[in-house]
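**Student:** Spelled out from the first residue to the last, the chains are:
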Amino acid sequence: MNAGKTLEVSCKKKIKGAEIVIRCLEKEGIKVIFAYPGGASMEFHQALCDSSIEVILPRHEQGGAFAAGGYARSTGNVGVCMATSGPGATNLISGIADAYMDSVPLVAITGQIPTKLIGKSAFQEVDVIGVTRPIVKHSYLVVDAKDLPRIIKEAFYIAQTGRPGPVVVDVPKDVQQQVVEMSDYPKKVKIRGYNPYPLASDEEIELIHKSIVECKKPCIYAGGGIISANASKELTEFARKYNMPVATTLMGIGAFPEDDPLSLKWLGMHGTVYANKAANECDLLLAFGVRFDDRVTGPVSTFAAHAKIVHVDIDRSEINKNKEANIGIVSDIKYVLRKLNEWSVKNDYNDWFESIKKWKKKFPLAYNKKSEKLLPQEAIEMIYRVSKGNAIIVPCVGQHQMWAAQYFTYTRPRQLLTSGGLGAMGFGFPTSIGAKVANPDKTVICISGDGSFQMNIQELGTVHAYEVDVKIVIMNNQHLGMVAQWEDRFYGSKRGNTVLADKRVLRPYPDFVTIAKGYLIPGKEVYKKSELEDAVREMLETPGSFLLDVHIEYQEHVLPMIPPGKSYKDTIIE
Amino acid sequence: MQHMISVLVENKFGVLARIAGLFCGRGYNIDSLTVSPTDDSGTSKMTIVTTGDAAVIEQIEKQLTKLIDVIKVSDLTGSKFIERELALIKVKTKTSSRAEIMQITEIFKGKIVNVYPDELTVEISGGGDKIDAFVSLMKHFGIIELARTGKVAIGRMSENTASC
Numbered sequence: 001m002n003a004g005k006t007l008e009v010s011c012k013k014k015i016k017g018a019e020i021v022i023r024c025l026e027k028e029g030i031k032v033i034f035a036y037p038g039g040a041s042m043e044f045h046q047a048l049c050d051s052s053i054e055v056i057l058p059r060h061e062q063g064g065a066f067a068a069g070g071y072a073r074s075t076g077n078v079g080v081c082m083a084t085s086g087p088g089a090t091n092l093i094s095g096i097a098d099a100y101m102d103s104v105p106l107v108a109i110t111g112q113i114p115t116k117l118i119g120k121s122a123f124q125e126v127d128v129i130g131v132t133r134p135i136v137k138h139s140y141l142v143v144d145a146k147d148l149p150r151i152i153k154e155a156f157y158i159a160q161t162g163r164p165g166p167v168v169v170d171v172p173k174d175v176q177q178q179v180v181e182m183s184d185y186p187k188k189v190k191i192r193g194y195n196p197y198p199l200a201s202d203e204e205i206e207l208i209h210k211s212i213v214e215c216k217k218p219c220i221y222a223g224g225g226i227i228s229a230n231a232s233k234e235l236t237e238f239a240r241k242y243n244m245p246v247a248t249t250l251m252g253i254g255a256f257p258e259d260d261p262l263s264l265k266w267l268g269m270h271g272t273v274y275a276n277k278a279a280n281e282c283d284l285l286l287a288f289g290v291r292f293d294d295r296v297t298g299p300v301s302t303f304a305a306h307a308k309i310v311h312v313d314i315d316r317s318e319i320n321k322n323k324e325a326n327i328g329i330v331s332d333i334k335y336v337l338r339k340l341n342e343w344s345v346k347n348d349y350n351d352w353f354e355s356i357k358k359w360k361k362k363f364p365l366a367y368n369k370k371s372e373k374l375l376p377q378e379a380i381e382m383i384y385r386v387s388k389g390n391a392i393i394v395p396c397v398g399q400h401q402m403w404a405a406q407y408f409t410y411t412r413p414r415q416l417l418t419s420g421g422l423g424a425m426g427f428g429f430p431t432s433i434g435a436k437v438a439n440p441d442k443t444v445i446c447i448s449g450d451g452s453f454q455m456n457i458q459e460l461g462t463v464h465a466y467e468v469d470v471k472i473v474i475m476n477n478q479h480l481g482m483v484a485q486w487e488d489r490f491y492g493s494k495r496g497n498t499v500l501a502d503k504r505v506l507r508p509y510p511d512f513v514t515i516a517k518g519y520l521i522p523g524k525e526v527y528k529k530s531e532l533e534d535a536v537r538e539m540l541e542t543p544g545s546f547l548l549d550v551h552i553e554y555q556e557h558v559l560p561m562i563p564p565g566k567s568y569k570d571t572i573i574e
Numbered sequence: 001m002q003h004m005i006s007v008l009v010e011n012k013f014g015v016l017a018r019i020a021g022l023f024c025g026r027g028y029n030i031d032s033l034t035v036s037p038t039d040d041s042g043t044s045k046m047t048i049v050t051t052g053d054a055a056v057i058e059q060i061e062k063q064l065t066k067l068i069d070v071i072k073v074s075d076l077t078g079s080k081f082i083e084r085e086l087a088l089i090k091v092k093t094k095t096s097s098r099a100e101i102m103q104i105t106e107i108f109k110g111k112i113v114n115v116y117p118d119e120l121t122v123e124i125s126g127g128g129d130k131i132d133a134f135v136s137l138m139k140h141f142g143i144i145e146l147a148r149t150g151k152v153a154i155g156r157m158s159e160n161t162a163s164c
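Same order as they appear, the protein sequences are chains A and B. Taking my numbering, the leading residue of the first sequence gets 1, the next gets one more, and so forth. Taking my numbering, the leading residue of the second sequence gets 1, the next gets one more, and so forth.
Derived from the structure by calculation, the hints contain no laboratory data. Just so we're clear, the structure is a prediction, and the values are computed from it rather than from any experiment. Beta carbons are placed, not taken as given, at the ideal position from N, Cα and C, and that holds for glycine. Check before you lean on any hint, since a few could be wrong.
To be verified - Within a straight-line C-alpha distance of at most 16 angstroms, the following computed EDC-like cross-link-like pairs (lysine to aspartate or glutamate) qualify: (1) Lys12(A) - Asp184(A); (2) Lys323(A) - Glu58(B); (3) Lys217(A) - Asp351(A); (4) Lys321(A) - Glu123(B); (5) Lys321(A) - Asp53(B).
Claimed, not checked - To give an idea of the interface, some chain A residues facing chain B are shown, with a C-beta separation under 7 angstroms as derived from the structure: (6) Arg192; (7) Asn195; (8) Pro196; (9) His306.
Given these sequences and hints, build the entire structure.
**Tutor:** So, in structure tokens, the structure goes:
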């Protein structure tokens, strides 16, 4: 009686490699991908026509890569982007590098020219595996469609486990067209050189505990690792239970609620004076899920020079990489915090908190509130107030990014999505698209600059086509503000190609509201302080996307500022 | 200080490029690098000789371990290990010098693998120092060409380099 068995075998029909990839994505639970077709990836798009997966067509592959990153940053789930070979793939590079620097789970699938043409400098051929090698967690060149289920499974597993990161899967066109029987999508992954979940030993936990018992001036320095590990709840419990101040990194913003009295907001070059003072003058620095980035530490030898340093990170290579730790522990941070929360040493640290209180009073984040001009800091505060502090904020890169990080009070993880490591201009707008697609019920506000916005302005088309309700605020100062600020501070205000204004026209250039109109997106310009509140309200209350062009002074500087290469003692306050 | 690092890797497309790229991208030196098959066709062994202070070597070891295709990294320096290198040396010879060269080769337990009237090719293997010593002796006669494999090494204790 073999009839049943025969039937089962013949039911497992043969399909194309491209279709296998799409079936695997479905099995992986992917609901949406950001994909731009081309000669070497159209097989995928044909297969996607018969899939439940929604395809969002960005207007530039870079927009697609950032949008996938935004999807991932705002949810913690893997974002997926896709492009064709050659130029399609090279356009993804900034998005992949950004995901690498900020540990964002991303899978980038690229079409490749047919295997028999590889190495022949064929049309639209680029060695994508070679080009992306230094900016990926891992990558695959697929040479047999039969390997696809295993490779796709591994790619998603690697991207989201341990320290997350981008994985590239490069699939030649003949492999996409290869017709094979699809094997079952693997349930488990086994990679012998990869242990993504190291856990601290009891002895190590004991060591941390002992340091806490001995300290008089503790400070928690919490980074993006807390957010990646979904450990904000545990961190908050830990800080409150042990009564310790918390300074986050830029990437760690939201890991601890900034409205908590223990919050010092964030530290680093443009962080608060009190966060930098606390981190540098403490006697115990609990560095959790951080990497002692140079924008945080300045010269590492002077950073937290008198503190005992406890460094916990899931990535072993981060321990002692930039700053030597007294106690270095390779572990999932959530596990460590849970273990620590089983006990508690509660001290009042009266003297220490007294100092912090003084610093907070003496050096608050401040700007000239009496100014008659419309200042960027005030605009950010207004957005915060009118949106009731609930929105997901996605800045691009530059001065406005720092102001957006300073003048909002973030209370939950994944509320601020920012390009911290790569610092990629053009990041914000497409990232906000990915964030909104992943969080349809939340307000998503992209805060951009007139420089940054023009780097991915074409995504206005995507926003309109897919009715992605993103609010866009342009902090328009007609300059590349951050570089201009450095020119003012360190180069005698000599403008080296940092002016975007056009002297031949009598208005700010370009006219963003008119551009938005061309894409059928409503917008408004604000010049005066008195118009600001109503305009922000109109933006938030108008259904669908909206562009608000806010004209601000270019003379404003982001402060405080620790000059590059200097320590916290050299902070510029005005 | 020079370190010898033994790396067990998946025998997959592009692994050498990942490792070489890591050294180049992070500014580490490679003094020599060998890649060879192991008893398991799924893995290869790389022996990398590199120079750096303790912090650099620590990072090299950690960064290598972080690569998905790397199974095990062992820094052999400081533990007991056996290292060998093979060299082929083509030396100018005259009737008057041939006997002396053959004698030295014998002392170094080398082999003459090719003979022409005016040149000899010697095969010699051993630790790096031994080869250096032999090469410097041959310089006196005139080296026409020299090819060295780079070092391979294995720990004396099984845990040092064993596959996991």
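**Student:** Quick check on Pro196(A) please, does its C-beta sit within 7 angstroms of some C-beta on chain B?
**Tutor:** With Cβ-Cβ at 10 angstroms, over 7 angstroms, it is violated.
**Student:** Holds or violated: are the alpha carbons of Lys217(A) and Asp351(A) at most 16 angstroms from each other?
**Tutor:** The hint holds at about 8 angstroms.
**Student:** Under 7 angstroms is the threshold here; is the Cβ of Asn195(A) close enough to any Cβ of chain B for the hint to stand?
**Tutor:** violated, 10 angstroms
**Student:** Can the restraint linking Lys323(A) and Glu58(B) be considered satisfied, given a maximum Cα separation of 16 angstroms?
**Tutor:** holds, 13 angstroms
**Student:** For the hint on Arg192(A), does the least C-beta distance to chain B fall short of 7 angstroms?
**Tutor:** Result: holds, 5 angstroms to nearest chain B Cβ.
**Student:** Decide if the proposed pair is consistent with the structure: Lys321(A) and Glu123(B), CA atoms, cutoff 16 angstroms inclusive.
**Tutor:** violated, 43 angstroms
**Student:** CA of Lys12(A) to CA of Asp184(A), is that 16 angstroms or under?
**Tutor:** holds, 10 angstroms
**Student:** Holds or violated: Lys321(A) and Asp53(B), Cα atoms, limit 16 angstroms.
**Tutor:** Holds, because 13 angstroms separates the two Cα atoms, which is no more than 16 angstroms.
**Student:** Interface hint check: His306(A), Cβ to nearest Cβ on chain B, cutoff 7 angstroms. Holds or violated?
**Tutor:** Result: violated, 21 angstroms to nearest chain B Cβ.
Going down the numbered hints, you'll see the structure goes against 4, 7, 8 and 9, while the others check out.
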